[in-house]
Every structure is written in C-alpha cells, then in structure tokens.
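Put together the whole structure using the sequences plus the hints.
Sequence order for the protein chains is A and B. Under the numbering used here, the first residue of the first sequence carries the number 1, and numbering increases by one thereafter. Under the numbering used here, the first residue of the second sequence carries the number 1, and numbering increases by one thereafter.
Each hint should be verified, as a subset may be incorrect.
To be verified - Pulled from the structure, derived: some chain B residues nowhere near chain A, Cβ distances all over 10 Å: (1) R25; (2) G108; (3) G259; (4) G279; (5) P340.
As the list claims (entries may be wrong) - Cβ pair distances, simulated, as ranges: (6) B/D204 - A/E28: 36 to 44 Å; (7) A/A63 - B/R201: 54 to 62 Å; (8) A/R112 - B/R306: 33 to 41 Å; (9) B/T117 - A/R283: 55 to 63 Å.
In short, the hints are calculated from the structure, not lab data. No experiment lies behind these values; they were computed from the predicted model shown. We put the beta carbon where it would ideally sit given N, CA and C, even for glycine.
There are 2 protein chains.
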Amino acid sequence: MSQTRAQRVVLASRPRGAPTVSDFRLEEGPIPEPGEGQVLLRVALLSLDPYMRGRMDAGPSYARPVEVGEVMEGGTAAVVDASRHPGFAVGDVVLSHSGWQTHALSDGKGLRRLDPTAAPVSTALGVLGMPGFTAYVGLTEIGRPAPGETVVVAAASGAVGSVVGQIARIRGARAVGIAGGERKCTFVKSELLFDAAVDHRAPDFAQRLAEACPKGVDVYFENVGGAVLDAVVPLLNDFARIPVCGLISQYNAVGPFPGPDRLPLTLRQVLTKSLTLRGFIQREFAPLRPTFEREMRGWLAKGQVRYREDVVEGLERAPEAFMGLLEGKNFGKLLVRVSPL
Amino acid sequence: MSQTRAQRVVLASRPRGAPTVSDFRLEEGPIPEPGEGQVLLRVALLSLDPYMRGRMDAGPSYARPVEVGEVMEGGTAAVVDASRHPGFAVGDVVLSHSGWQTHALSDGKGLRRLDPTAAPVSTALGVLGMPGFTAYVGLTEIGRPAPGETVVVAAASGAVGSVVGQIARIRGARAVGIAGGERKCTFVKSELLFDAAVDHRAPDFAQRLAEACPKGVDVYFENVGGAVLDAVVPLLNDFARIPVCGLISQYNAVGPFPGPDRLPLTLRQVLTKSLTLRGFIQREFAPLRPTFEREMRGWLAKGQVRYREDVVEGLERAPEAFMGLLEGKNFGKLLVRVSPL
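Below, the structure written as structure tokens:
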C-alpha cells in the first residue's frame, strides 16, 4: 500500500444475492489535508461485520444505505496523522467510523480516544466494542437468562456469539453454541468453555441439538435464521426469549422465498409457548455502555471471557474477506489490518 | 331440551381442517346426582371462543387436548340446581368451566359466585371475563401503547378485539379496527367509537389500512394472522409491539403451508425495526385480575367500554355456532343460551 496515496473501497454496484468482487471498487487518490478543526486519521484496523450487507441494499432499514460510489462504511481504529483540532494530537489512537479506507478526515465528533496500554486496540472493535456490547445487551436485556436456564447461540465462534455464550455461563446459565464445522465447535467448547457445541453442518444436526438441550431452550440468541432457527424452535420452552440480532443466512437471499411457508407454524409456536421475539440494535441500549465496559474489562482480566480474532492483511482484501464472512469462512472476529498502529 | 335428561356435546372425531358437524356428537343421559360435597350445576350460558379449536387437535399446545369422546370444554355461567356443598346454595349463580353440556357436577373448586344484580351474568363470560381480561393484559402489559400512538386490532368487533380498541382509546391511543364486512366496520366505528375501522374483505384493504394509520402502527394486537398480518407488518413503526393473542385464520389450516415462505421477510422486519412479538395466554397475568375487574367495572359504568353479544339458543346449536365463529360469522361475543337463568 502506498503511503503517499489514499485508498478506499467504494460500493460499485448493489449486489443481487451474494456480493461479488465487481460490487466493490478500490479507488486511489491523494491523502486529504485536514482543514481548521479537523484531524487526518490513518486507519489501522477495519472491522468487518455482517450488518454491512444490509447497507449495500437500497430501501429502508435501520440505517441509511451506502450509496453506489460511496465508501463502504465500517468501524475502525485509527491513528491521528495530522491534527488541526485542539482535542487531538498526532499519534493519538482513536475509535472511529471511517469505513473501508486508509485515510479519513474528521471534525472530532464521534471519535473516542483509545488507550493502547489498557487493552489491545483491536478489542475496541470486538469484545469491548460494538459486537461485545451487542452480545451483552441482547443477552442481558432481552434474553435475561436465569441461572440454570439453557441459552443457545448461533454463530457461536463469531464476534457476537462467542461473547453471548460466555456471559451466559457467567450468569449461571447453560451455554450451547452452534457453529459450522468441527474446528469451530472444538474451539467453542474447549477454548470458550461453552457447555456444548453443535455443528450445524452435521446431517443429524437437529437431533444433536436436542441432545445438547435436555431441558429445552430458554433463550435463543438469533444470529442466522434459516435452518438453524427451524431446529431450535421445536426445543423452545414456554416463555422462551429470542433476541433477534442478525439473520446472516438470509442476507444474500433474493425473494420471493420458495415454500413451504414457515411463518404459520412459527407463529403458532409463538402463541402456544408464549414466546418473545425481539429484534434489536445495540445503540438502543447506549446508556448501558459504561456498565458493559466495566463488566467486560473485569471478565477479560479474570479470563472469564476469551476472544479470537481473524485478521486479514491489507485494505484491498476487505471485499473478499467480507464475502467470506457472509459464508461463515472467518474464524473469530474478522478484522482488516489497513496499516500498522 | 328435556328438563329431565342431561345433554352434552362431545368431540366425536378430531377435525382435519375445518371442523364439520360430524366432529361433534350430542349425547343424552340422566341428570347426574351430586355426592357429598358436590353441587349440581345447570348451565345457563356457554361461551364459545376460538381457542377451543386448538383443544380439538391432538399434540402439544398450552393446554391438554379434549380427548375424543370427552365433553367439549368451555367457560360457562351456571345455576346451582342441587347442593350438598356447604359453600353453595340452590339458586346460586356461578362462573364455571363446565363445558358444552346442560348439567355438570362440581366439588366447588374453581367456581366463582356471580352477583346477577351487579352486572349481567353474560358479561362474566365476555367483557368482564376471560376475553375482556385477555384484551386488557395483552394491550396494557405487552402492547403498552403510549398516548398518541396507533393501535391496530384485528377481529375488532369480537369479544377480545372490541375491548382492546376501547382500552387503547381510554389510554389516549388511536384505535384502528380491522373487521370483516361493512356492518361490523360501522359498528366498530359508530358504536365502539374506534378512530377508524377497515374491512379486510375490501379489495384495496392494505391501502385503506395504510390510510387509516398515517403515523404508522405502534401496537398490533394479533388475533388472526394470515393476510391481515401481512398488511400490517409493512406499516409497523420501529419498536412496535405485537401481542400475539390468536391466529384464527390458520386454526383450520392443514400444513404444510404453500409458499412463498413469509418467514424470512417477517423476521427481517423484526430485526430492522426492533419489533417485539410476544405470544401470551391471559392466565400468565392472573394476579392482575382484580385490578382489571375494578377498572373494567368503572369503564362499563361510565359507558367508556361497550360490548355486543351474539347469543345462540340451545346447546344443540353450539357446533354450528362454533364453526361459524371460526369463519367470522358471529357479530360480537358469541354465547349459547343453554337454559334460562
């Protein structure tokens, strides 16, 4: 990567179905110069997260879409390379939302200074950042597992799911993770110390899941939808809670969806079991962020929460890594190292 | 009806799809005699409610099914015709769960004495009874409309829906009812004083509903499912609440349901709008029953809640009336007058 030129990845076209390389375009240009009151940020780490797939589509969602030709959005850890802002000095490390690019200007709004000596900078994009907070509020505010209850989490080796299961255990619940493939399942069980891990690729997945949940399921933390949801629903206990955090299995799908229609039977379960389904975005719970950070720092210090990162080198590899994320190819929190810290 | 013989309607066979007359059987026998500690109840009014369809099916639900050959279950208002129980005297009027029959024995458990001078006895099966309480807890505990919010209720002229909309208005919300046919819609608007009523049989139903909800929908009280739900979902505002009380449109359906699969798009709305879907049965909220009754008596006294009853004469007509209920043929709370009070 040239140090004298800025690079950025823009949305070249809206994908129909799964994104392809042609939906992204790497552009180069001069490194911008900060105006009065601005800082120049050099992006060090870019977080890749499933929600970004939604931003590539037009139409209403919980956030405005990325327009064709615009830089792909994303959370970043960045270094202040030049400053004409009284609040920031060259060398400061900040959490920003600079997107898929090597450099960005900022007026300082929304920037948050990070202390690289307190915690690895990457954790501000993972376990201590948006994904960790998503897991925390979804589980504790919506899922609300009681001690002894069973919590099932999909995408259990991922940035959010891994934290969900570990907090569930801290709260005294039984944590059952669902992941794709034996390697991830072994990690979920041996490293993250979930009570059980079930491979959704196994031909007898539904039966294995049932065996891993002998007392049924009280909380299902939904990240994926599709066949995994279908396997969980029959196991749900009365009054079970389903925080709906993501639906990665259907982000690339192009409707109308072929039958049979699964909605009537799902609603019947909602009715007869007094289920709660609750979609959420973490920012709804922003006032809880300080509490989360205090608790999470404590858990990390005691080794009660562990995490794994999957770091890809170079901004130009972001599209490929993101496409892999949507297929479950990453193993742990997916990050792109854009430049050295 | 013979006064010297008891009659009862039993489940003759489990329906596949819509119940037919052959799924019920009218049986006659001697009027039973109370043993020591028992009362003989003569049923005066039988409540017919959609939940009974679920009891006709085998398989798990929130209550045990009626077995083939057993009396159909149901809430009743009854008169004590003979008593060998110290707590009840001949002539007492009670709320009981005696089912589809003219006479029943009871040991007094679960009976509740009614004061026919305080309120019409029929209201104990309707606006002051299970349907009214269902409306109350579903709206106030799950729907929780804020003043100025829009509440949409399906089956708005029915026993539950009619109460939902009227309480919504009392709480300062905008009440929009959905009902089948112009007569019911006129009733909902002119008699129940909902802000708007929309006929789900109208060819432009979805558009009319959208026009009746210019600020979107904050609470959708779900009684029906199906096409009505599909019309409401796109109108839901962020953080909308959907108490799932019933799904009458699909009770008679026989799966698998033909496509397209409506679940992915529905879940997408749950996710992107942070919706809450919550199934419930009123008994979960039993501790609120006294509060409900106090409030409802006040509303009735002030004319703030009105109700309409659809009374069918004779136990032998219960099957036909019940089959009509599942098709929306009733107009108001459906009751069977089994014998004079």
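Do the hints match the structure? See the list:
1. R25: Since the minimum Cβ distance to chain A is about 27 Å, B/R25 lies beyond 10 Å and the statement holds.
2. G108: holds (29 Å)
3. G259: At roughly 2 Å from the nearest Cβ of chain A, B/G259 sits no farther out than 10 Å, so the non-interface label is violated.
4. G279: Check fails; 4 Å does not lie beyond 10 Å.
5. P340: holds (37 Å)
6. B/D204 - A/E28: 36 to 44 Å: For A/E28 against B/D204, whose Cβ atoms are near 53 Å apart, the range 36 to 44 Å is violated.
7. A/A63 - B/R201: 54 to 62 Å: 38 Å Cβ-Cβ, so the 54 to 62 Å window is violated.
8. A/R112 - B/R306: 33 to 41 Å: With Cβ atoms ~56 Å apart, the hint is violated.
9. B/T117 - A/R283: 55 to 63 Å: Given a distance of about 57 Å, which is inside 55 to 63 Å, the answer is holds.
Consistency note: the structure conflicts with the earlier hints numbered 3, 4, 6, 7, 8.
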